[in-house]
Amino acid sequence: MISTHPVNWKLALLRQNPFPNTPPRRPEEAVWAGLSRLKGQFKELFIEALTTSTTQVVLNWGAWGSGKTHAAIYFGTRDRLPQGEGKQVKDAWILYIRTPKDPAQADVILYRDVIETIRFSRLRRVIRDIISEHGERTALEILQDVVESEALGKALWLLGLEKKETGQLRLLEGTEESAEWRRLLEAYFFSQSTKSDLKRLGLSRGIDNSQDRFRILGGVMQCLIGLAPTEEIEHHSRVILWIDEMEDLIYFTSRQYRPFTQGLRDLIDRLPAYFTLLMNFTLAAPEAFEDATVVLGQALMDRVTHQIYFQEPNEDEAYEYVCDLLRQFRTEDPANRGLPMTYPFSEDALQSIITALPSRTPRDLNQRCGDIISKALQRGIITAPGEGIISEKFVAALEQERLELNIG
Amino acid sequence: MRPLCIVDTCSLIYMSEIELAGKSLHQWLWAEFNVKYSKAVWEEINQNAAKMGRDAKAIKKDGEKYVGRLSTITSCENALFGPPFYRSVRTGLCDKCRRPIFEPRSFSPNLASEQDRGERHNCCIALSAVMAGKHRQVIFLTDDVRAVRDYVAPVFETFPLGHIWSSHDFVLYLFLRHRRRISPKEAKAALRDVNAKAAGSGFSGQSADAPQRWIRKLNVYHRKVDRIDQVISQFKGGC
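Sequence order for the protein chains is A and B.
For reference, each letter of the first sequence is one residue, going 56 to 463 in the working numbering.
For reference, each letter of the second sequence is one residue, going 34 to 272 in the working numbering.
In short, the hints are calculated from the structure, not lab data.
Glycine included, each C-beta is placed from N, C-alpha and C at the ideal position.
Treat the hints loosely; a few may be bogus.
Taking CB as the label site, the calculated pair distances span [to be verified]:
1. L458(A) x T191(B): 31 to 41 Å
2. T360(A) x T191(B): 48 to 58 Å
3. R457(A) x R182(B): 19 to 29 Å
4. D252(A) x R210(B): 49 to 59 Å
5. E447(A) x R260(B): 45 to 55 Å
6. R87(B) x T77(A): 37 to 47 Å
Partial list, derived from the structure: chain B residues whose beta carbon lies under 8 Å from chain A [claimed, not checked]:
7. D226
8. G233
9. D242
10. R249
In isolation and in its complexed conformation, chain A is listed as follows:
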């Protein structure tokens, strides 16, 4: 009988398991290992995003487990974006959402998720700053122009204001007395307001349909971007909207699919500058582009400006990926103990793992490497920090066990 030891990653000179099976939840938890070609593509894309006004529509595609969601999480904070030279935008709003899972309410969910990702209170402060900069009257006119609707523009404008006890409107300060005002606005923007709420807000109508929701989204994003003349890069922010799992549009019937894709097209057309839309799409080569067209529709595909292919790493890239990942989780440099950088694997063992894998997506590599190290720790192959190593023979034995169990 095989004796089982606890899985202590520190024995493998690692802080924790570097090979997770699921993408991280927060950007701070995400590390980028190897895959320098792919990272370079994103660097180029984001440098263009930060130093030019060009609106970008990006199709990220690759097999399941190729790292699309991981990339979206990794680049989820401003400090992960590259530093460009010369003039660049003052800030970047990075918004990550997933394709709605309820096709019947897709546009409602997308709208709600975007607003919630921005955060209602932050949005109110952005509008307040616009009013503060342009004055109440001019700001109202600008916002009504942006959303092409007097009622919807006024609603956006109200976000930057709050109601005094006397009933007068003043610039938002965020004091306790405005809690009821905030409730009214939230109810309005999430289409929960009653007739009486509308009356109290002084608005003639609510956000009634898909077209309204995408108009509001376009207006909100324009406010985040800024309202200065397009050529003044430093006076703008870039909005980066990352939509994951776009392949789920296959679950949408024509009636559900049309308003959703039409809305995305409208959003792109309404934001001709400082907007980046990244769409993650799980598709394997070689018919990917044609398949994506079937799902997204020709009109949306015609607006795609960049494509990033999450290509499966070759053997050398996979080797580099694993080594880099191990390096980033080290408790100490294995070279200090005369061990290879592949530790807890011997170099031959790691090579044999990679060669034997039928597909080498980061998910496949993580799964297999994590599994083998866990088993090595459980079975006492590594007994103390840096004592014992995963050999090619051990890997072969595990592979044999796996085949006998007919798994993987």
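Take the given structure of chain A and dock chain B to it, following the hints.
Just chain B now, with coordinates in the frame of chain A:
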């Protein structure tokens, strides 16, 4: 005489509430074919009528007329699916091209189980119809991929009874037959609808590569629409 179409519950669900050229797919089905199903399917229809939306009313009202009666259905089922019975099973992936490898494996279905009884009894109806000579071939309409793998395909591979269609094939047939009334765009929209319904039926519990498979399927059928359109448009005075 219209050809015989033996239809399964899931196809009736996936085709429900979808319109093409002013008619629902259910109306088209009954207009184009002599529709039949087993008593087991009729019972499933009644249990799942709510999933057929506005098409439920008509089928519940007249549906019993289309039940294929077969007094020997139990013995037919025992014979058809009794040993030796083989089905095709995925045994692995090709090392080179990574496509799945299928091999025939002996299969002993639990015939006492109600699961898949509708498909099994529909197979009996198909066999009986062809043997009786009333219908020389049948269309077997089902979207249940697992039931096709386990029961329908093995039967149709051995017994030359006709063709197995999915709802996608039915839409494609309508486009071919009524091309003057149905534009390629409308056919593609109907295909998107049946595809979405079929794909979404197991939405929460499907494998990670399920969307890709459904995308590929939709793409394949969209290309078929284009091909049919391209060929037929070359026939100036009809074919």
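Satisfaction of the hinted span 49 to 59 Å by the C-beta atoms belonging to D252(A) and R210(B): The hinted range 49 to 59 Å holds for D252(A) and R210(B), with Cβ atoms some 54 Å apart.
task: Determine whether the Cβ-Cβ distance between T360(A) and T191(B) falls within the hinted range of 48 to 58 Å.
output: Check passed, 54 Å falls within 48 to 58 Å.
message: For the restraint on D226(B), tell me whether the closest CB of chain A is nearer than 8 Å.
response: holds, 5 Å
message: G233(B) was flagged as interface toward chain A. Is the shortest Cβ-Cβ separation under 8 Å?
response: Holds. Min distance 4 Å.
message: Assuming the hint says 37 to 47 Å, is it satisfied by the Cβ distance from R87(B) to T77(A) or not?
response: holds, 41 Å
message: Tell me if the interface restraint on R249(B) is satisfied: Cβ within less than 8 Å of some Cβ in chain A.
response: holds, 6 Å
query: Between R457(A) and R182(B), is the Cβ distance one that fits in 19 to 29 Å?
result: Roughly 26 Å apart at Cβ, these two residues keep to the hinted range, so it holds.
query: Should the hint that D242(B) touches chain A count as held when the rule is a Cβ pair under 8 Å?
result: The hint holds - D242(B) has a Cβ within 8 Å of chain A, the shortest such distance being about 6 Å.
query: Measuring from beta carbon to beta carbon, are L458(A) and T191(B) in 31 to 41 Å?
result: About 33 Å separates the Cβ atoms of L458(A) and T191(B), which means 31 to 41 Å holds.
message: Given a hint of 45 to 55 Å, does the C-beta separation of E447(A) and R260(B) actually sit inside it?
response: holds, 51 Å
In the structure shown, no violation is registered for any of the earlier numbered hints.
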